[in-house]
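Please construct the entire structure, taking both the sequences and the accompanying hints into account.
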Amino acid sequence: MRDAAVVEAPRITPKVSSEDWIMRAVLVGIALYLTVSILLPLYALLSKSFKNADGLFVGLANYVSFFSTPALFWSIENSLTVTLLCCVIVVTLAFIYAYALTRTCIPFKSLFKGVALLPILMPSLLPAIALVYLFGNQGIIKDWLFGYEIYGPIGIVMGECFYVFPHVLTIMLIAMANSDARLYEASDALGASRIKTFFTVTLPSVRYGLVSAFFVCFTLVITDFGVPKVVGGKYNVLATDIYKQVVGRQDFEMGAVVSMVLLLPALFAFAADRIVQRRQVALLSARAVPYQPKKNRAVDMTMLAFCCLIGLIMVSILGMACFASFAKFWPYDLTLSLKHYNFDLMDGGSWNAYWNSIELAAWTAVIGTAMVFTGAYLVEKSKGFHSGRTAMQLLCMIPMAVPGLVLGLAYVFFFNAPNNPLGFLYHTMPILVICTVTHFYTVAHLTAATALKQLDGEFESVSQSLKVPFYKTFFRITVPVCMPAILDISMYLFVNAMTTVSAVVFLYSPDTALASVAILNMDDAGDVAPAAAMGMMIVGTAAAVRLVHAGLTRGILARTQAWRKR
Amino acid sequence: MANDNNGEAYLRVRNLTKKFGEFTALKNVSLDVSEGEFVCFLGPSGCGKTTLLRAIAGLDIQTMGTVEQAGRDISALPPNERDFGIVFQSYALFPNLSVTRNIGYGLENRNMPKADIAARVSDLLDLVGLRDHAKKYPSQLSGGQQQRVALARALATSPGLLLLDEPLSALDAKVRVHLRHEIKELQEKIGITTIMVTHDQEEALAMADRIVVMNHGVIEQVGSPEDIYADPASPFVADFIGTTNFVDGEVQAGGRVSVAGVAIDCGAALDGLNPGDMVTVCIRPEDVQVSTEGGGAGIPVTITDVEFLGSFHRCHVTPVNGAGQTFGTDIDFMIDLSANRARDLGIREGMAVQAALPPEFVRIYRPVGGG
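Here the protein sequences line up with chains A and B, keeping their order. First residue of the first sequence? That's 0 in numbering that gives the first Met the number 0, and the numbers climb one at a time after it. First residue of the second sequence? That's 0 in numbering that gives the first Met the number 0, and the numbers climb one at a time after it.
Some hints could be false.
[Unchecked claim] Ranges between beta-carbon positions, derived for each pair:
(1) S310/B x P483/A: 38 to 46 Å
(2) K452/A x A133/B: 30 to 38 Å
(3) Y470/A x G142/B: 48 to 56 Å
(4) S89/B x N418/A: 52 to 60 Å
(5) A191/A x E181/B: 27 to 35 Å
(6) T199/A x D199/B: 16 to 24 Å
(7) A185/A x D199/B: 31 to 39 Å
(8) K26/B x S46/A: 49 to 57 Å
(9) A69/B x Q453/A: 35 to 43 Å
(10) K466/A x P358/B: 52 to 60 Å
(11) G45/B x L83/A: 31 to 39 Å
[As the list claims (entries may be wrong)] Within a straight-line C-alpha distance of at most 20 Å, the following computed PhoX-like cross-link-like pairs (lysine-lysine) qualify:
(12) K108/A x K195/A
(13) K18/B x K14/A
(14) K14/A x K141/A
(15) K243/A x K380/A
(16) K471/A x K113/B
(17) K243/A x K233/A
(18) K380/A x K452/A
(19) K108/A x K294/A
(20) K466/A x K113/B
Bear in mind the hints are in silico, worked out from the structure with no lab data behind them. By construction, the Cβ of each residue, glycine as well, lies at the ideal position given by its N, Cα and C atoms.
Take a look at the structure:
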């Protein structure tokens, strides 16, 4: 047979089975959805920033006018100042908090963790409103600011710190959990002091987590719109500028320019974070031993005091908002009443808005979860079609880099364009669902992809050899086995759809007003207490959903995941 | 390498080449497998054995070359249009389905009456001896039991070809030995054509009707376990299967090769070589004959180290003859002696003995890369 080496064997083109075609078609479908829901709108935004109000191409004229208007470009400096300040404060606090929760023997760890995660349940407008009640002109502890005003950078930094704390803490907790006890034992055996161990073992092992936390914090703060909207006062930041240009001055072109300016740092932080995370992968070996903290009275007590302080701040901000929503007439009549919950009587709010929010959240959770999980499954498990899968993977990552306000404004330009055949979606519930699913697509996709990666890679091969179509295996094996992750994704989408303001603020119509937007509008109209009340409705709903999710997860684990137990 | 004259081969692989980008994992591989045969693909990791198996299964279709099964050209077909059952190293059992449902998974999709499925699954449970575990989930089973579920699932649809991808490598040593007998017995009972991929030579020697030794994407040798062990076609095979001493030799006139200054008769093995050519001389440690009478045939050596390995002793030796002769640079020459023989000879470190290389056990190879 050696002679046969000379003969050129026929090249084989694998036959694409009907199943492969189905998979590819669905994959292309989802990729098309993402193209229409993120790429094309971003393009519309970009081109808008180069046009004047009449739609004529004016080159960089809008940018020139942006950079020659001090009031506008100072916002860049303002944004960066408060953002960097928040990053330093939050990353430090969250690091200590995470250290206390993972490396010391303080009691009530799960309670402290739960309390720190409270801000996830609320739109960022709510803590800002609570700050107004605490430190505003009629605030109960306004003296604590030594005569400084809450409206401005102080308020923004305080509000943002509260709002992003749980996100940063989550990253820190994961980074801390990834530490290898054997390193600590080695350090102990070599006689290193606790301080030395901290600097030679603890810090280096979480450095990627720290960097990642920093970038996430940066992105969240610089793109957040709720806090500066409520307590920003005259201190302009990029996020509020977009809103003011578009909603206040109807200057869409300048809104587009500011959006592009805001997109840059967000993109940069996103790219930097991805690079750092890619490096983190190899950090932990499979043989690592989890770290078990040892008792140390002095450290434990200090950490307990610290956690109590942070926990107290968390609870008091939420408690303040809650109390304000029930107080009859702050600060003169503090008897409790439900009158602020009568949203139908308020300017800019209605119970309808709340039910719309529920509807949006439900649709987002159902459609979003189905689409995200199917998309992630096809990216991870389909065979061949590399170009399609790579393109899809890239598309899935884009939404994370795009701030909500930018996305919302991009939708205005894209879907409201007179020649867009999809224009009928504008001002409807579907466009809100599309926008919200897309806005939160990336994190949901990563959750799904992580869960899918943990499945045996040969399930699909086995079912092919048994001639069982892939979709049967998908529904009978993949979905049930990944059910906990699927529930996580749907809860994530539901809660975020309830709390998000930034993207949808440009897209709602009178018929599709949303609870989170109602907070904004009532606050604008001076109905601060009803705004707080609506915020509490969202917190209550989100908390209830989390409870249901916890119950469901436990129930499903007990019923369908009996196999997990030995 | 394939036996082309065999027109009745069940599986015919012809000129298979598989490229992953720039890397060529399989180079022009051809092979025939007869019906009912148990063939092992054996080789070090990265030799292309799993790639070949996956090409036969259609899981990673080859870049060039053809595969025929039962006279049908399946070269380009996706796995679900081929006819095989497969067991993976990880078993890939469905964790949320019971043993019964796992085994019946492939049957439930074939419009088979429920009763027939139950009967077939029941037969298979008996076949692999898991009747008592039918209702358990995979995570509640031991590794060996999981392996048998995977086997039963692969056999459930009565495929024409059974593919086993390192099916035993995730198991404990004892369970492995036990299961390899069981699999071999099962295979003989059903008579299914089977291809198993393994990197464990012992496994291949014990189970296979024929072994396909692979290295760097090509087939080095195909043959029965006895052939491959006794008559390796290349230094690679000699080294990979069992243990072999490789020593330097120089061809002399009259069909002789000089090793460490001592000439050995090699006869026809030296055809095509000229006196003065350097060759590699191979002999297995257990084939070296040791005697203690000085002046006898063989190379005078000193025993530098004795390893006790249970049923036999392994002696490491160096030549002692006057001219500073060696077996070659950095060569560790080993001699295996049964416990009895070692006792009879009174083997101990530092002892001088005669090591004879019987011509019938010596193989001569041209040095790699040399003339």
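Going down the list of hints, with the structure as the test:
1. S310/B x P483/A: 38 to 46 Å: violated, 53 Å
2. K452/A x A133/B: 30 to 38 Å: holds, 31 Å
3. Y470/A x G142/B: 48 to 56 Å: 31 Å Cβ-Cβ, so the 48 to 56 Å window is violated.
4. S89/B x N418/A: 52 to 60 Å: holds, 54 Å
5. A191/A x E181/B: 27 to 35 Å: Given a distance of about 54 Å, which is not inside 27 to 35 Å, the answer is violated.
6. T199/A x D199/B: 16 to 24 Å: violated, 43 Å
7. A185/A x D199/B: 31 to 39 Å: With Cβ atoms ~36 Å apart, the hint holds.
8. K26/B x S46/A: 49 to 57 Å: At 53 Å between Cβs, range holds.
9. A69/B x Q453/A: 35 to 43 Å: Hint holds: Cβ distance 38 Å, inside 35 to 43 Å.
10. K466/A x P358/B: 52 to 60 Å: With a Cβ separation near 56 Å, K466/A and P358/B satisfy 52 to 60 Å, so the hint holds.
11. G45/B x L83/A: 31 to 39 Å: violated, 50 Å
12. K108/A x K195/A: violated, 25 Å
13. K18/B x K14/A: holds, 18 Å
14. K14/A x K141/A: The hint is violated at about 73 Å.
15. K243/A x K380/A: violated, 45 Å
16. K471/A x K113/B: holds, 18 Å
17. K243/A x K233/A: Distance ~12 Å between K243/A and K233/A Cα, so the pair holds.
18. K380/A x K452/A: This hinted pair holds, its Cα atoms lying about 9 Å apart.
19. K108/A x K294/A: Holds. K108/A to K294/A sits at ~14 Å (cutoff 20 Å).
20. K466/A x K113/B: holds, 18 Å
Of the numbered hints given earlier, the model fails hints 1, 3, 5, 6, 11, 12, 14, 15; all others are met.
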